[in-house]
Amino acid sequence: MPETKRRTVVYNVTRTAELGGEGGLVHAPIVPVEGEVFGDADADFGGEHMLINIGPQHPATHGVLRLVLELDGETVIKCTPHIGYLHSSFEKLGEYRDWNQIVPLTDRMDYLAPLIYNCAYAMAVEKMMGIEVTERCKVVRVIIMEMDRIFSHLLWLGTTAIDLGAFTVFLYTFQERERIYNLHEAYTGARITTSATRIGGMMADLPAGWIEQLKEFVRTFPNTLAEVETLLTNNAIWLGRTQDVGVISAEDAVNFGLSGANLRASGVSYDIRKDRPYYDYETYDFDVPVGEHGDIYDRYLCRMEEMRQSLRLLDQAINRLPGGPINVDDPRVILPSKTAAMNDMESMIHHFKVVMEGVRAPVGESWFSVESSKGELGMYVVSDGGSKPVRWRVRGPSFINIAALPHMIEGALLSDVIAVNASLDIVLGEIDR
Amino acid sequence: MSDFKKGLDALDSGPTGSPKETPRVAPPPEDLPPHPTVEALRAHFGAAVGRHEVVAGDEHIVYIDSAENLEVLRWLRDDPDQRYDFLQDLTAIDYGNNVSLQVVYQLWSIPHQRNIRIKIELPLDRLELDSVYYVWRASDWLEREVYDMFGVVFRGHPDMRRILMPYNYAEGHPLRKDFPLRGRFSRAEQTRRALSLKVEDHYSPAELEVATRLGQTLPDVTTEGGSGQPNRALAPPGLGGM
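Residue numbers (our numbering), protein chains in the order written: chain A, 1 to 433; chain B, 1 to 242.
Please note that a few of the clues may not be correct.
Claimed, not checked - Here are the simulated EDC-like pairs of lysine to aspartate or glutamate, each with C-alpha atoms no more than 20 Å apart in a straight line:
id : chain 1 : residue 1 : chain 2 : residue 2
1  : A       : Lys274    : B       : Asp58
2  : A       : Lys353    : A       : Asp329
3  : B       : Lys119    : B       : Glu59
4  : A       : Lys92     : B       : Asp178
5  : A       : Lys78     : A       : Glu91
6  : A       : Lys138    : A       : Asp285
7  : A       : Lys215    : A       : Asp205
8  : A       : Lys274    : B       : Glu209
9  : A       : Lys78     : B       : Asp159
10 : A       : Lys138    : A       : Asp205
11 : A       : Lys78     : B       : Glu200
12 : A       : Lys78     : B       : Glu209
13 : B       : Lys177    : A       : Asp280
14 : A       : Lys138    : A       : Glu251
15 : A       : Lys78     : B       : Glu207
16 : B       : Lys177    : B       : Glu128
17 : A       : Lys92     : B       : Glu171
18 : A       : Lys353    : A       : Asp330
19 : B       : Lys198    : B       : Glu209
Calculated from the structure, these hints are not laboratory results.
Note that the structure is a prediction, hence the values are computed from the model and not measured.
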């Protein structure tokens, strides 16, 4: 036996679990034991394949994703994702609700960036109805969308780092997320299920002191970002686990319909805020980071830079926030003020009709998309002139991004499956809808 | 008030349409703004290209013949003047009342920065269409979703099976207008079917084949930690209240 094949390893030995006093399992502490590997360490042990199942209840699948993997040793031969465990039939439910009642369904899809989904839905319906929202509403929506982009990227960063063994990052990012939760709560009254938009405006104007709270976040958040950078960007373990792992070429990424940071990390500069600007994004000064290798590390760098660019956008939006009304002056869609409804017959009729019948959209349809934190979020609304949609369709970015997972991990190692899956930034609420 | 009550009644039938007889699409504007792709499509495919509509101000829709969808869409991707290389969305619309179903392709050209929406009308008794799986791989799951939700079969798709609903779901295609919100089966029958799921029902045919070849027992996804107790949280839809 050649000497070079003999390697020293450390085994982690756990004693068998025993039943404790309460009947629960008790695990003995892990004791490292040194040992040696004998024999040919590189020998191929027969090449026997094996079928394993990950999920749906598995912490590293970020929800209830289920992967069935065919393995050859540690190499993934075939990967089949199974989805639908969280299927709530939102699109069908939407057909039974009027246009404003659908808003709460949208934030339950992506509960990691709920305000982006609220806004995207309202924008699609407004486009179909030909409603132009007020200047103040536009800027407020830009502010809350950019805030939620940071909110979602922070969760991605923390969970991906914890999946790869970096626990500290998780604590830092979740502390910052807590501050955005507080901002959500101060504005909408809810921390996750915000339901902030209405057709033609918002459910309320920004509360007093909210902008100051946000300014404080914008001022101090770069410190946390810099701390996370020192923990990860040049960390040898992080580099080893992310560089050249889960690579997808630019051509494949476009063909698979990837969007958001996953597409841009492969070197394709496609950002809807630049390519089909909405809400005057063309007048803001911001850059779109583009990677070149298409691996996990480039996705990480892109998202880190996107957070900085979102801060720039927030800064500019706060400075240009105009006064004036937040809702359009259109009795078809917006409730009259309480005083008007109580004193004026016509306003009372409008109030009654908007509440009891709902907003009526004219015959037509619109496919509208915004750049969500996870990629291209398309909302397709079709109206036959009634107060309920004929069809409400959501093009979820995670749904399309996760479909490319088998392409990225077939041929890779089992341990990379978790890393690649985490790097795609998926949310199962929106994949299963 | 009346709409609200109708909404509740509709739990046991399909969703209600709007009360008046409205045209399904907005009347076309007098002078359509031109779209370079539409003229090129007409010049290249002639009769296979149907009417052209503009909705919501700037969204162009072209109807094409269902028999030639693959050629037209492949040409749209490959022609150097079109290059619609990014499939944004593939979905379908059922208008109800036995009106033909529409399959919708939403395309974006990254090089030329242009949108176009292609629609194909399919009669309800012939819901078949050529798959664009080998044109845009993004269509893989999108076509499976349209099959799952509307029952459109895409010819040539290598893995045409349900995606969101369970593989052994037998109540039909949920987003069709004639599908009641609570499903077609009674609650008792839905519960019975959910409780009688077997291990194999959670796997695709290809995986069952691999397991048979390897002589391997399939991992049971409904039990946790091998305790043998079915996990209620994992039971498929139909067990909602339990």
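Okay, the hints, checked on the actual structure:
With a CA separation close to 18 Å, the supplied pair lysine 274/A and aspartate 58/B stays within the 20 Å bound. Proposed proximity of lysine 353/A and aspartate 329/A is supported: the alpha carbons are some 16 Å apart, at most 20 Å. Annotation: proposed proximity of lysine 119/B to glutamate 59/B holds, straight-line Cα distance about 13 Å (limit 20 Å). Pair hint lysine 92/A plus aspartate 178/B holds up; C-alpha atoms about 12 Å apart against a cutoff of 20 Å.
Proposed proximity of lysine 78/A and glutamate 91/A is contradicted: the alpha carbons are some 31 Å apart, above 20 Å. Distance hint between lysine 138/A and aspartate 285/A is fulfilled; the C-alpha atoms sit about 16 Å from each other, no more than 20 Å. In summary, the hint linking lysine 215/A to aspartate 205/A is supported, as the alpha carbons are separated by about 17 Å, within the 20 Å threshold. At most 20 Å may separate the alpha-carbon atoms for a hinted pair to count; lysine 274/A and glutamate 209/B exceed this at roughly 47 Å.
Proximity of lysine 78/A to aspartate 159/B is assessed by CA-CA distance (about 14 Å); at most 20 Å being required, the pair is judged to hold. With a C-alpha separation of about 12 Å, the suggested pair lysine 138/A and aspartate 205/A falls inside the 20 Å cut-off, and the hint holds. A C-alpha spacing of about 18 Å is found between lysine 78/A and glutamate 200/B, which places the hinted pair at or below 20 Å, so the restraint holds. With a C-alpha separation of about 13 Å, the suggested pairing of lysine 78/A with glutamate 209/B holds against the 20 Å cut-off.
For the given pair, lysine 177/B sits about 38 Å from aspartate 280/A by alpha-carbon distance, which is inconsistent with the 20 Å threshold. For the suggested pair lysine 138/A and glutamate 251/A, the alpha carbons sit about 35 Å apart, so the restraint of at most 20 Å is broken. Distance restraint check for lysine 78/A and glutamate 207/B: the Cα-Cα separation of roughly 10 Å lies within the 20 Å cut-off, and the hinted pair is therefore satisfied. Between lysine 177/B and glutamate 128/B the CA atoms are separated by roughly 18 Å; this keeps the pair inside 20 Å, and the hint holds.
Of the pairs offered as hints, the one joining lysine 92/A and glutamate 171/B holds, with about 15 Å between alpha carbons and a cut-off of 20 Å not exceeded. A threshold of 20 Å between alpha carbons decides the hint, and for lysine 353/A with aspartate 330/A the separation of about 13 Å falls inside it, so the pair holds. For the given pair, lysine 198/B sits about 16 Å from glutamate 209/B by alpha-carbon distance, which is consistent with the 20 Å threshold.
Of the numbered hints stated above, those contradicted by the structure are hints 5, 8, 13 and 14, listed in ascending order.
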